[in-house]
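Peer 1: Here is what each chain is made of, one letter per residue.
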Amino acid sequence: MAKMRGAIVVDIERCKGCNLCTIACPLHLVTLSSTVNHKGYNYAQQTDWEKCNGCTSCAIVCPDGCITVYRKKEE
Amino acid sequence: MAKMRGAIVVDIERCKGCNLCTIACPLHLVTLSSTVNHKGYNYAQQTDWEKCNGCTSCAIVCPDGCITVYRKKEE
Amino acid sequence: MNETPMHYCPGCSHGVVHKLVAEIIEEMGMEEDTIAICPVGCAVFAYRYVDVDWIEASHGRAPACASAIKRLWPNKLVFTYQGDGDMACIGTGETIHALNRGENIAMIFINNAIYGMTGGQMAPTTLMGMKTATCPYGRQADLHGYPLHITDLAVNLEGTCYVTRQAVNTVANIRKAKKAIRQAFENSMNKRGTSLVEIVSTCASGWKMTPEQANQWMVDNMFPYYPLGDLKNTIE
Amino acid sequence: MNETPMHYCPGCSHGVVHKLVAEIIEEMGMEEDTIAICPVGCAVFAYRYVDVDWIEASHGRAPACASAIKRLWPNKLVFTYQGDGDMACIGTGETIHALNRGENIAMIFINNAIYGMTGGQMAPTTLMGMKTATCPYGRQADLHGYPLHITDLAVNLEGTCYVTRQAVNTVANIRKAKKAIRQAFENSMNKRGTSLVEIVSTCASGWKMTPEQANQWMVDNMFPYYPLGDLKNTIE
Amino acid sequence: MDNEHKDIVLLKGNEVIAKAAIRYGYDGFFGYPITPQSEVLETLAADKPWETTGMVVLQAESELASINMLYGAGCTGKLAFTSSSSPGIALMQEGLSYMAGNELPGVIVSVGRGGPGLGTIQPGQADYYQAVYGGGNGDYNTIVLAPNSVQEMCDCMGKAAELTFKWRMPVIVLSDGVLGQMMEKVELPPYRPRRTDEEIAKQCPWATNGIGLKNRKYNFMSTLEFDPAVMEERNQKMAAKYRQVEAEEVDYELYQVDDDTEYLIVAYGISSRISMKAIDLLREAGVKIGMLRPKTLWPFPNKIISQLSERIKSILCVEQCEGQMINDVRLATEGQATVFHSGRSGGMVSSPMEIVEDFKRMARERMSTNWPKGYWMK
Amino acid sequence: MDNEHKDIVLLKGNEVIAKAAIRYGYDGFFGYPITPQSEVLETLAADKPWETTGMVVLQAESELASINMLYGAGCTGKLAFTSSSSPGIALMQEGLSYMAGNELPGVIVSVGRGGPGLGTIQPGQADYYQAVYGGGNGDYNTIVLAPNSVQEMCDCMGKAAELTFKWRMPVIVLSDGVLGQMMEKVELPPYRPRRTDEEIAKQCPWATNGIGLKNRKYNFMSTLEFDPAVMEERNQKMAAKYRQVEAEEVDYELYQVDDDTEYLIVAYGISSRISMKAIDLLREAGVKIGMLRPKTLWPFPNKIISQLSERIKSILCVEQCEGQMINDVRLATEGQATVFHSGRSGGMVSSPMEIVEDFKRMARERMSTNWPKGYWMK
Amino acid sequence: MTEEIIISGFGGQGVLSMGKILAYAGIMEGKEVSWMPAYGPEQRGGTANVTVIVSDNVVSSPIVSAYDTAIVLNQPSLEKFEPQVKPGGTIIYDGHSIIQPPKRDDINVYRIDAMEEAARTGNSKVFNMLVLGGYLKVRPIATVEDVVKGLHKALPERHHKLIPMNEEAIRRGMKLIQKMN
Amino acid sequence: MTEEIIISGFGGQGVLSMGKILAYAGIMEGKEVSWMPAYGPEQRGGTANVTVIVSDNVVSSPIVSAYDTAIVLNQPSLEKFEPQVKPGGTIIYDGHSIIQPPKRDDINVYRIDAMEEAARTGNSKVFNMLVLGGYLKVRPIATVEDVVKGLHKALPERHHKLIPMNEEAIRRGMKLIQKMN
Ligand SMILES: Cc1ncc(C[n+]2csc(CCOP(=O)(O)OP(=O)(O)O)c2C)c(N)n1
Ligand SMILES: Cc1ncc(C[n+]2csc(CCOP(=O)(O)OP(=O)(O)O)c2C)c(N)n1
Ligand code: SF4
Ligand code: SF4
Ligand code: SF4
Ligand code: SF4
Ligand code: SF4
Ligand code: SF4
Ligand SMILES: [Mg+2]
Ligand SMILES: [Mg+2]
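Residue numbers (our numbering), protein chains in the order written: chain A, 1 to 75; chain B, 1001 to 1075; chain C, 2001 to 2236; chain D, 3001 to 3236; chain E, 4001 to 4378; chain F, 5001 to 5378; chain G, 6001 to 6181; chain H, 7001 to 7181.
Isolated chain A, as found in the complex:
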């Protein structure tokens, strides 16, 4: 069966480090960085590029629209 592969891009400067994407990701692939962006927030980042299935959960819950999810079908 075709498998979905995904990857997310976080708009780091837009991110407010609310952590909601972290919780929303069913595969626990997102965490907050230890460094801060220019606004002083610890921003979100994807920890594991391999496992993401592009489900978009993280993007859907992000209140600030910081996450773009890229998907491709892998046979």
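Be careful, since some hints might not be right.
Stated by the list, open to error - Restricting the straight-line Cα-Cα distance to at most 20 angstroms, the calculated cross-link-like pairs of lysine to aspartate or glutamate (DMTMM-like) are:
#1 Lys1039(B) <-> Glu1074(B)
#2 Lys4185(E) <-> Glu6003(G)
#3 Lys4166(E) <-> Asp4280(E)
#4 Lys1039(B) <-> Glu6029(G)
#5 Lys3131(D) <-> Asp5047(F)
#6 Lys2191(C) <-> Asp3142(D)
#7 Lys4185(E) <-> Glu6029(G)
#8 Lys4214(E) <-> Asp3220(D)
#9 Lys5214(F) <-> Glu2186(C)
#10 Lys7175(H) <-> Glu7157(H)
#11 Lys4202(E) <-> Glu3032(D)
#12 Lys6125(G) <-> Glu6082(G)
#13 Lys5214(F) <-> Glu2212(C)
#14 Lys5217(F) <-> Glu2158(C)
#15 Lys5185(F) <-> Glu7082(H)
#16 Lys1072(B) <-> Glu1050(B)
#17 Lys5217(F) <-> Glu2032(C)
#18 Lys4214(E) <-> Asp4227(E)
#19 Lys4185(E) <-> Asp6056(G)
#20 Lys6086(G) <-> Asp4280(E)
#21 Lys6080(G) <-> Asp4280(E)
#22 Lys5048(F) <-> Glu3032(D)
#23 Lys6179(G) <-> Glu6029(G)
Hints in this document: simulated from the structure, not taken from any laboratory.
Fit chains B, C, D, E, F, G and H with the ligands to the known structure of chain A by using the hints.
Peer 2: Below, chains B, C, D, E, F, G and H with the ligands without anything else, positioned relative to chain A:
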């Protein structure tokens, strides 16, 4: 058995001729006068002094508190 | 009820309710411990007729005024006396919030489905199809919306302890209405929450009828839409 | 949703709802036929983020403003976006009457049980016992009254066609909320009466929690008092 | 021209407000009943303009709702109005401040009664401060027109419609219970069609109505600013506009003012009508007296008053209140003339003879004492 | 004296309003949150005076409700207050008119922000007209106090409590966002017990509270009159009272004003504080400049301004708005001095140097041209 | 010619519409007119009055200090307005409603028993038209024809069928009025 | 002595309470003080600043045109307030938060790596106390003892247990600060 005898006194100048007492009297003993009081209203008057049983219905419904009911028991 | 002749039109329900209020206050012996709040509407002059301390509140704000007073004077009997335009239109916010806060006040609500004082304009409680000065071709949903039954809303507010709908068109109804108002006043004294007593009323002038016709019209048209009886009573 | 960074606090529900509104308008192709009305409250700047014509109404009066606009522009999508302080407190009168008139507008109601913008004061929707800046020892009935569930009142008003309560804390709830808002918008276009979509929301700042804690607190405390689901739907 | 408009009719000022609005192509009315102006809504309701011109008529749940409906209408570039009386106008102050702050069109008819508070339902002119200084917050002005006849009530609705869009600011028509309730002959204007959506899009590119979006960016209407510096700029821009309105839109009328005039009455609205009669009586007695009647209360006719003050002994300011416009008259005189008050209050209205008597008193006091400049007879 | 009150504390103006009210024995507070004054209610809620002094604190559902709660409190002879900011005060205008019309006590704290409309949450002084002229209907006045420090915010609550009963009229404490938000050292007053029911009955035989009925008739509080002649009488009685207040209660402060002073700044509230610094800078540079600071805005210090105007070249009126008090200053000068405006608006606040610059501009313009009397620099 | 009239009585006596018809009649004669009502807060009952001015010239003040004619239909109105009639002016009162008739002798005093006549004919609706007729008899400021034209203007279309009855009442009123001094 | 200070940074950095402690310290020294905050409409984040004046004399204007000292804790604050420091005055910035350091050479420029230190010790709460220490080192307007007394006043009772930790941070900050020009 003791029978109630009643009589009403209408404060003619206070009466506004609304006719509600007329309707309320179960014995149809109240009517409006054909002449008017100083404010220009046809005021209420008791037509039959004999039949009134002092039930106070007329007084209760009078919005302007014009009617005083006098009652006495007759053996 | 003092001797001052009332300014109301012939047959106006306000007069009857005033009498009841005066009687109850006297029966309760509360003449010296009552603070009454009257509205902007035909009852604006209520203070002339019932001998207690009265405050004439601004249009619709009697519940706010009464809320403050009852909190400042917790042992006084505090009640408002308001029309439908006052309570259910401009004063909707103050009404809902006083009810919801459960202020220990009684609210007497004279619903005559019209703005009496200003000459018979549409009220929020005006029935569908009913003609008034501002809906001379009859109330119509798309132009004017629907009749607002604010008393029913009060039932769902946690702060209310007693919500009832009464009328004063017959001797029997007058007696019931009196009982209801007395209960409401007692609730205020016993700090049981807010009581709302709606009196479905006539406004012969606004309706352009004789008082008798008005009473009949009320029975035929108002009662079906605003059925009489207790809607909520947490006390009994 | 445009590129302007939002002024909301981290994790604020407003952001999610804004996204939904923007998406729906785009999906409906209504960008050029929408007049949106935002409140006084944290969403006061909504016009910065969603590209349609916006009006910032005075505190609580968005429903009045929207009523006039929809009547003057019957073919536009007209909706209000309001907080609980705005809609259920200062604007209670305008809310009830717009709903009752059955104005063909949609109302989005962000109930976060607090005054976010002004720094976390008690709202009418604040839960019993909940601590805010103006009830720092917890909401108490005698001092502050009861939480007001205005959405439940809306159900009983004849003018409403659709009344629902949603949340945006999970992907599934976000999807449902989106459907609800879309339905409300369609009702406005189809002139079916007033739709009210309550979104039970968090205000991490006002509640003095992290966004995660706030979401959990909402599930544990708000949902029981403000249960999710459709309360009225005359359309289906 | 159609026939009906040439028909001269006898109407109340309030009725005329309604009929004029329909004919001048107003798009909407939002209002709440209050004596002595309820006939405005009642006439609209009876005339059903929604079936003819398409005008929207809505009885609001309160004056707060009315003004915020007017705010909404103004935001979208529609020509709308509301109407109320003293306490009702008091409730509109926040909304007025919002309208002015967003530079919106909108017409507010204020039919004054006796005050303060609920006051009386009889006519009054004690809402001058309310209209001219405003109780809304912030730095703003509204144009204030002051008709003095039923015909002018009619004309003002046309003038207000024009000015409110020309300057993008709310226009108040400040009337009183006499003008609202009295009947006079009036010639109604011809029907002017309401503007089409296209015309609105063209005339109001700033409006938030979704139309014309192909030719412009999204609009928003907000009085809130993040940055006070931006707010200040907005205020300065508005202030500059106000100076321009002051330069261009002052309107007044002189009655019996010529080179020989020794005394001046300043009065607006119904007071100016009564004063005319008083002046006729005084002129018969040989007194050289005339009247300046401001037709705009804001902008106020400062310049002409300053000019007249140079040569006129003293001014009687007639208004049916305890004295409000008198402040502006005193400001306008720049200390060159003494200003006295005449008028009743609380719903009482001067008779011509009362003004004559007040004049006599003024003339006596003026001659017998050396009053300080700008003395305010109280 | 207890210990705590001698304790000098560092507090925000808003916090002090709350704490002073508790200590001055206020019976109630009714208010609705709005920036920049929310700390008033928040401080009361935190301090729980209902458990100590018995003061009632109620968060109202709106400013309309607040003012009508205050109205109710005043009717019954209780000492209560409300607090709000610009648009919130706008919503109170009808209620204020009712309070004034019934000659009721009650204190309204107005903490001004940038306007108009929602404006900004930064400090402003653009609500001078709102406070002094009022947007309520009818002929009425309210006393307006203008503190300029946190200590005076405190003291004003005591003064307002006294004046509002002495004259039976509402008292507005007109403050601004700077004074509300800034912290300064303050000495809080000792606790003064709230009046007992008996004291209220004695002090307020007019009140509608049911007490004292054995010694008096039933009272009622109504601003409505059947008969306009009665209303007029009430108005005349009130007007006479207002003249008395004007004679007795004017309060102001002079800074660096002596016989040699050539220039005058007139400023109130925060503007007077900034102006003091500007004056210090100008005095250092040899300019003979001083300041008159009205501590009461109504009644306004007309007499002293008139006196000073006789000898002072020109006046700089400093306020954080586009110019409102300047009108009253111009009236007070009676055409004897030229009045210039200085100040920012919309939430911006002048710095001392900006006032210095405005002064220089004024001095330049003053010397280079022959300005008409009362010219208003705009 | 300028005629300044006050008509005053109870609400419900048709005072205001009588004034309106008079004003319209004035217009029919090509005159300038003004009509200014005053009433209390009661919806029914209470007192009401209206000042009507009919003039060859533009009406300046709709409020006047003294009247050419006062038509008084109840006692309080008589008491209020008798002193305000100009010397040489006219007062007309209804015989039934006024118990204490006018006392001034420097004015023309007329009485009309319109209330009685209306009661007699069982048509209280025409009371005010009877009075109007009486007035027009003694102050012929408009012809009956113009008054009837005025009626057409003043009454809504649906009441036009009542005009003949009104006209008749006006003519009857002209006969009823009697000079009392 | 008059010291006019602006402290400016992100909301949440403790800018306002730092100012408050400074003001209280001034009181402890018997000085006159004022504290005037400014912030945006955001509840969390956004920028905040506070002007503190400590003086031997009564403070006239709480608003000043130029500062003796500016403590800037983020880049926008530096850009805004660097030009407003009086010649010969002082600017203190946090090394981590400021990317482009101050450029003026007519003022004393100090850097303190407080953010780093706070991160290092895992206690972000004391960030502002570290900065305060640095400030007191270069502008000794109050003794550490008086600042600690000020802390007792400024903090609610329930936080008094944190005072020793804060004192320690202040002392550490005194060591961290470095002159940059
Ligand atoms: C702020 C304000 N708006 C409007 C009015 C005018 N007004 C007086 S009474 C009234 C309505 C009265 O109707 P209702 O409350 O139903 O009382 P009713 O006369 O029928 O008993 C209105 C609108 C007013 N006095 N104040
Ligand atoms: C007339 C008026 N009163 C008060 C305020 C102050 N104010 C601004 S927002 C707000 C409440 C916001 O709460 P809510 O509506 O729940 O919105 P949220 O910020 O929680 O989204 C208040 C009281 C105002 N701007 N105008
Ligand atoms: S797209 Fe899905 S799997 Fe991938 S990071 Fe986001 S939530 Fe996790
Ligand atoms: S949900 Fe959005 S704002 Fe929140 S941490 Fe994730 S990316 Fe950042
Ligand atoms: S007391 Fe009873 S019986 Fe007698 S008149 Fe009255 S209603 Fe009739
Ligand atoms: S009910 Fe009263 S007012 Fe009515 S007619 Fe009878 S007595 Fe007269
Ligand atoms: S108008 Fe209606 S409510 Fe008012 S007094 Fe008359 S009948 Fe009663
Ligand atoms: S204060 Fe609350 S509602 Fe407002 S932006 Fe922050 S989290 Fe959202
Ligand atoms: Mg009613
Ligand atoms: Mg909220």
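Peer 1: Compare the structure with each hint and give your call.
Peer 2: Tested hints:
1. This hinted pair does not check out: lysine 1039(B) and glutamate 1074(B) have alpha carbons roughly 38 angstroms apart, beyond 20 angstroms.
2. Between lysine 4185(E) and glutamate 6003(G), the direct Cα distance comes to roughly 17 angstroms. Compliance with the 20 angstroms bound is thereby established for this hinted pair.
3. At most 20 angstroms may separate the alpha-carbon atoms for a hinted pair to count; lysine 4166(E) and aspartate 4280(E) exceed this at roughly 38 angstroms.
4. For the suggested pair lysine 1039(B) and glutamate 6029(G), the alpha carbons sit about 36 angstroms apart, so the restraint of at most 20 angstroms is broken.
5. Distance check on the hinted pair: lysine 3131(D) and aspartate 5047(F) sit about 15 angstroms apart at the alpha-carbon level, within 20 angstroms; holds.
6. With a CA separation close to 10 angstroms, the supplied pair lysine 2191(C) and aspartate 3142(D) stays within the 20 angstroms bound.
7. The hinted pair formed by lysine 4185(E) and glutamate 6029(G) meets the criterion: a straight-line CA distance of about 13 angstroms does not exceed 20 angstroms.
8. For the suggested pair lysine 4214(E) and aspartate 3220(D), the alpha carbons sit about 48 angstroms apart, so the restraint of at most 20 angstroms is broken.
9. In summary, the hint linking lysine 5214(F) to glutamate 2186(C) is not supported, as the alpha carbons are separated by about 23 angstroms, beyond the 20 angstroms threshold.
10. Under the criterion of a C-alpha separation no larger than 20 angstroms, the hint pairing lysine 7175(H) with glutamate 7157(H) is inconsistent with the structure, at around 29 angstroms.
11. Restraint check for lysine 4202(E) and glutamate 3032(D): satisfied, since their Cα atoms lie roughly 16 angstroms apart, inside the 20 angstroms limit.
12. Of the supplied pair hints, the one linking lysine 6125(G) and glutamate 6082(G) is violated, its CA atoms being roughly 26 angstroms apart against a limit of 20 angstroms.
13. Distance restraint check for lysine 5214(F) and glutamate 2212(C): the Cα-Cα separation of roughly 42 angstroms exceeds the 20 angstroms cut-off, and the hinted pair is therefore not satisfied.
14. A C-alpha spacing of about 38 angstroms is found between lysine 5217(F) and glutamate 2158(C), which places the hinted pair above 20 angstroms, so the restraint is violated.
15. Restraint check for lysine 5185(F) and glutamate 7082(H): the C-alpha separation of about 29 angstroms exceeds 20 angstroms, so the hint is violated.
16. Straight-line distance between C-alpha atoms of lysine 1072(B) and glutamate 1050(B) comes to about 13 angstroms, which keeps the hinted pair within the 20 angstroms bound.
17. The straight-line distance between the Cα atoms of lysine 5217(F) and glutamate 2032(C) is roughly 10 angstroms, inside the 20 angstroms bound, and the hint therefore holds.
18. Only pairs whose Cα atoms come within 20 angstroms are accepted, and lysine 4214(E) paired with aspartate 4227(E) is rejected, the gap being roughly 30 angstroms.
19. Restraint check: the Cα-Cα separation between lysine 4185(E) and aspartate 6056(G) comes to about 14 angstroms, which is no more than 20 angstroms; the hinted pair holds.
20. For the proposed pair lysine 6086(G) and aspartate 4280(E), the alpha carbon gap of about 18 angstroms is at most 20 angstroms, so the pair holds.
21. Of the pairs offered as hints, the one joining lysine 6080(G) and aspartate 4280(E) is violated, with about 26 angstroms between alpha carbons and a cut-off of 20 angstroms exceeded.
22. Taken as a hint, the lysine 5048(F) and glutamate 3032(D) pair is broken in the structure, with Cα atoms around 52 angstroms apart against an allowance of 20 angstroms.
23. Only pairs whose Cα atoms come within 20 angstroms are accepted, and lysine 6179(G) paired with glutamate 6029(G) is rejected, the gap being roughly 26 angstroms.
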